[in-house]
Amino acid sequence: MSAIAADPDAPATDRLPVLSPMLQRLAAERATGALMRDRGTLYLADGQVVHAESPATPGIDVLLTTGGTLRHEGWWDAVAQAGAGRRVGRYLVDSGHVPGGALELCHLGALYDAAFFALAPTGTPARFRYGVAHWIGPVRPVPVAAVERETLRRREFLDRIWPDPACDSAPLLRTAHGPDAPVPARQRRLLELVDGVRTASDIAQALGRSAFHILVDLRRLAAAGLVAAVRAQPLPAAATPRRIPLPEVTADPDIALLRRLRDALEAL
Amino acid sequence: MPGIDECLLEVMRLPGARGASVVDWTSGLALGTIGDSPNGDHEATAAETAEVARMTAEQPAFARLGAEGERTAEPPSTPVEDVIVTTHDGYHMLRFVETAFDSSVFLHLWMDRSAGNLALARRRLGELAERLVLA
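Line by line, the protein sequences give chains C and R.
Heads up, the final residue of the first sequence is numbered 267 in numbering that gives the first Met the number 0, and it's a clean run with no missing numbers.
Heads up, the final residue of the second sequence is numbered 134 in numbering that gives the first Met the number 0, and it's a clean run with no missing numbers.
Derived by calculation from the structure, the hints in this document are not laboratory data.
Hints may be right or wrong, so weigh each one.
Simulated DEER-style distance windows between Cβ atoms [claimed, not checked]: (1) R:Val84 x C:Arg230: 36 to 46 Å; (2) R:Gln58 x C:Arg159: 18 to 28 Å; (3) C:Pro164 x R:Ile83: 49 to 59 Å; (4) C:Ala79 x R:His87: 37 to 47 Å; (5) R:Ile83 x C:Asp93: 30 to 40 Å; (6) R:Asp111 x C:Arg159: 44 to 54 Å; (7) C:Glu72 x R:Asp4: 23 to 33 Å.
Where a beta carbon is used, it is the ideal one built from N, C-alpha and C, also for glycine.
Next up, chain C with everything else stripped away, as it sits in the complex:
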């Protein structure tokens, strides 16, 4: 594997491509448990990554049930039968709900997807709970080094497509441009869900598709000028009373509107 450049967003003290020193230590001591970080959790068994979850990515249950691989009843049956024993994955295969190869492909996809977000740069310290196992159980463990290498590669990959991360987390808008070239079917289905409110994560959940795959397609759509991020996020008023959602660009400044805005701001 060729050397990977340090993440330019990483703090100056963290120039080496080490995503999480704690994770490397846990791998070295062959730890078992859950590494909880700001944006997701990695589950380790014997120092290998056996599962990952992130609020930014659809869980394996969503991935499997959205496409119809598994019906909701099948999923709940597996959770009821094998959840307590932490062998849901094994049960899904043994009971004939999901073919073994399909489960491995889907699970690996979900694992790397969640790990990418879980290992995102953060200022919040990570916590590790020893002994915790995920209910999905053993499917196909992955070495920590492979997960770290892939996560770094994915960051670079996104930036090579389009170096602006604005679309990764903000609500998304379709631009007024018509496409210059035919939009591939997968990107078109994504584009249909871009409505000024949904974020990349929302779209991933709705389509039952890996969130990183959505980011890749979004960067391509952004590069083609078809999608843009909504700059001012409509946050709950109570959380940040100073932020008021505004349209990003007005072709023609409306003086009356600006006056009303000023008055409203002063009244706060």
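For chain C, the structure is supplied; the task is to place chain R on it using the hints.
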């Protein structure tokens, strides 16, 4: 009930097989590998072949279109079944794997040109791609 490793072992039983992998073409991630890779680095090969697979899968020229150029009701992830690249001493075969859940996976087989049997490999790889995700 085969998994990724069993599938790759089967692929390697084809005459002339030098290496094989299961790759996600959206991200370029190698989900499983076996044998050799042309440049000695399965991960780099996966990222490179994924680009070829993606461009083929999304190429409008190969797309199957319904009336008025609209997509058909429930299309597979790509209308393309496989891609075959012939080099001076080998064959590369990329076979798309159709899954019921959303994915973008293909099987990559690298074969020796003199020992490999292209027609046999193509048929077998198609069967294995189906068996990988069927019970």
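Hints, one by one, checked against the model:
Checked against the hint of 36 to 46 Å, the C-beta distance between R:Val84 and C:Arg230 comes to roughly 44 Å, which is consistent with it. Checked against the hint of 18 to 28 Å, the pair R:Gln58 and C:Arg159 passes, with Cβ atoms roughly 20 Å apart. Range check, C:Pro164 to R:Ile83: about 37 Å between beta-carbon atoms, so the 49 to 59 Å window is missed. Our hint of 37 to 47 Å for C:Ala79 and R:His87 is violated, since their Cβ atoms are close to 58 Å apart.
For the pair R:Ile83 and C:Asp93, the supplied restraint of 30 to 40 Å holds, since their beta-carbon distance comes to about 37 Å. Checked against the hint of 44 to 54 Å, the pair R:Asp111 and C:Arg159 fails, with Cβ atoms roughly 33 Å apart. For C:Glu72 and R:Asp4, the Cβ-Cβ distance of about 30 Å falls inside the hinted range of 23 to 33 Å, so the restraint holds.
Hint violations for this structure: numbers 3, 4 and 6, all remaining hints satisfied.
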